[in-house]
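Undergrad: Each chain is listed here by its residues.
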Amino acid sequence: MSDATSSHPTRRTTMPSSATARRVSTTAAFLVLAAGLGACGDDAGTSVEGSGSATTTAATGGHDGHAGSGHGGSDTTATGGDAHAMTRLGETTAGDRKVELDVSAPVTFAVSEGERFVRHAPRKGENAHVMLVLTDAQSGDRLPDASITLRIVDAAGKVVASGPQYPMTGLGMGIHYGDNVAIPKAGKYVAQLVIGPPRIGRHSDVVDRWNETVRASIPFTWKGSAR
Amino acid sequence: MEGQRALTRGPDAARRPRTGLTRRRLLLGGGAAGVAGAGAAAAALTGGDDASPVALPPLSAGEPRQHAWDATLRRDAHDNVLAPRFHRLLLCDLVADPTPARARAAEAGLRRLERALPRSAAGVLVVVGWGPAWFRRIGVASPVPRARALSPTEAPAIDDPVAIVHLAADDEARLDRVERALLHGGTLRGARGSVSLTDLLRVRARRTGFVGAGLPRARQRDVVGLPGDRAIDRDAPLYMGFQSGLRRNQATEDDVTIAEGPWRGGTTMHVSTIELTLDTWYHGVDQAGRVRRMFAADATPQDLERRPDGIANPVRDLRDVARRRGVVGHAESMASVRRDDRPIILRRDFDSRDGDAAQVHFVALQRSIEDFERTRRAMNAARAIDASAGVGAQVNNGINEWLNVTARGNYLVPPRARRTCPGLPGWSA
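Quick mapping for you: the protein sequence lines, in order, are chains A and B.
Quick note: the first sequence uses our numbering, first residue 1, plus one each step.
Quick note: the second sequence uses our numbering, first residue 1001, plus one each step.
In case anyone wonders, no lab produced these hints; they're calculated from the structure.
Beta carbons: idealized from backbone N, C-alpha and C, even for Gly.
There may be inaccurate statements among the hints.
[Stated by the list, open to error] Sample of chain A residues at the chain B side, in silico, Cβ under 10 Å: (1) Val111; (2) Tyr166; (3) Asp208; (4) Gly224.
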């Protein structure tokens, strides 16, 4: 297993300063899954350990520039052309799902709360915006409306960040999951993920996919900043 | 003693000469068919180190249930029980084969402890629970199932220690002394003889914590998962700012006591570890939003002030709540899981900064683990998720956004007279 490092080529794209929707409505889908479909079995879920990858993920849209409209406005904390530079820290495959871990400078994003969006501005000490791109391992289709919980642990196994990853999108970003986090210092870390089933409705050819809650781990090296 | 009947032997037990049976072979025999008679089992288990039994001090008078703490605890002005301020959960493995002699020595230690310190928060409160691993070890069908994940958003480690010891007291230094004396080779001043359990148990994992006004604020510094730029309210008993275990939102000790069967008078215990991520709890949501999420979509801070013993939670159609409000409350999602208009679990949760990470150690008592699982599954509010695009498995769904369950375990808590090595063949206190 090789650790990914932030020396990997970076890509530039827009960041979700205007998250336009938190979830994809299930009503347009052909099939809505029963609530219990994703329930775990007796064990603690499938555990998968991945590794960093030296390849660069193709950006969905590869859109340089700034998403300056909509909720949240243009108030990313980082400014200028490099504000949205995104670095891939690693990826792994967990059963029938693939997940990629990217990072940028912290951003303000918005989360839907019923009839309004609530802005989540970076907090003091937060130095990274993590983004998780969840796809079907076979087709590469992005998977919306899943739940992803992230823990980042240091080399000693101590938790340095933890929490749910908010579904979001941004211009040129596509649907992903993310949050701002504080990674205290340069060093080796592991992103530990718990990935729940996407609750979006489905065509019959994928009704039996992605239904298990799985664990995944992505080791990475943090160089002290997102750039 | 109930439970002795299920002593099992290995597949080749029928061919094994009776005289050649050792206790180890009996206990490790696995789950194959065959039940030895109680007399034969006792005969097979009375040799060796059981030849000179330790004298057992009499069980102190008083409450026969380990889990009955409330009569000894303080109450606030609204008659809510105030939990002991400091807690320890000690997940234990066996040091050696469990024998009647070792069980007797351990029980003697617990009785000496009770004679040295009152069974109250002013002394120390002790609950000893036994997990499926214990019952596997003695070849008895476990009265509690192995724990499992209870939400699609979680993949917890499944704790499966032989035993768990829950200690609680208002004085943290005293609690540490008791823990050292019980499980780390120390002695307890004032006790007549050893209170040590270390000939039977060793600690595999240690979880610590606290609950009570002012404690979260005093201990929040440098804890991952808590806001670094905002002090938790001065009077908050828990990190999230609300009081747990309000009278109207709790089962009673009688409710959760097993009413019949071999473990009558006991209860079951579920223990989970839940990581907290509260930056957005305090910065992304205002107090009104926190009340909506903790209680019900239409609850207000004023409601809490009016009902300090817990606000009513009528059963509602969560789909309708989600569609109209875009959010469902934590208590609201579980309102349908009640018996006699009370919840069916008795929660004894406390906060922790183990590993410098904000956590809840959630201790829940209930008649059966099924009662806990029903309650916890209701908290997922699956119907609300399917009804509203605004409500996700984590977002706008009670307090699920801020919780991450990392471990779960299930235990039987026998009545006090049978708290040590329950069901061990040849042993009765």
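Undergrad: For the restraint on glycine 224 of chain A, tell me whether the closest CB of chain B is nearer than 10 Å.
TA: 18 Å, violated
Undergrad: Classify the hint on valine 111 of chain A as holds or violated, based on whether any CB of chain B lies nearer than 10 Å to its CB.
TA: 6 Å, holds
Undergrad: A closest beta-carbon separation below 10 Å is what the hint needs, so does tyrosine 166 of chain A meet it against chain B?
TA: 7 Å, holds
Undergrad: Can aspartate 208 of chain A be said to touch chain B, with a Cβ gap under 10 Å?
TA: 15 Å, violated
Checked against the numbered hints given earlier, this structure breaks hints 3, 4; the rest are met.
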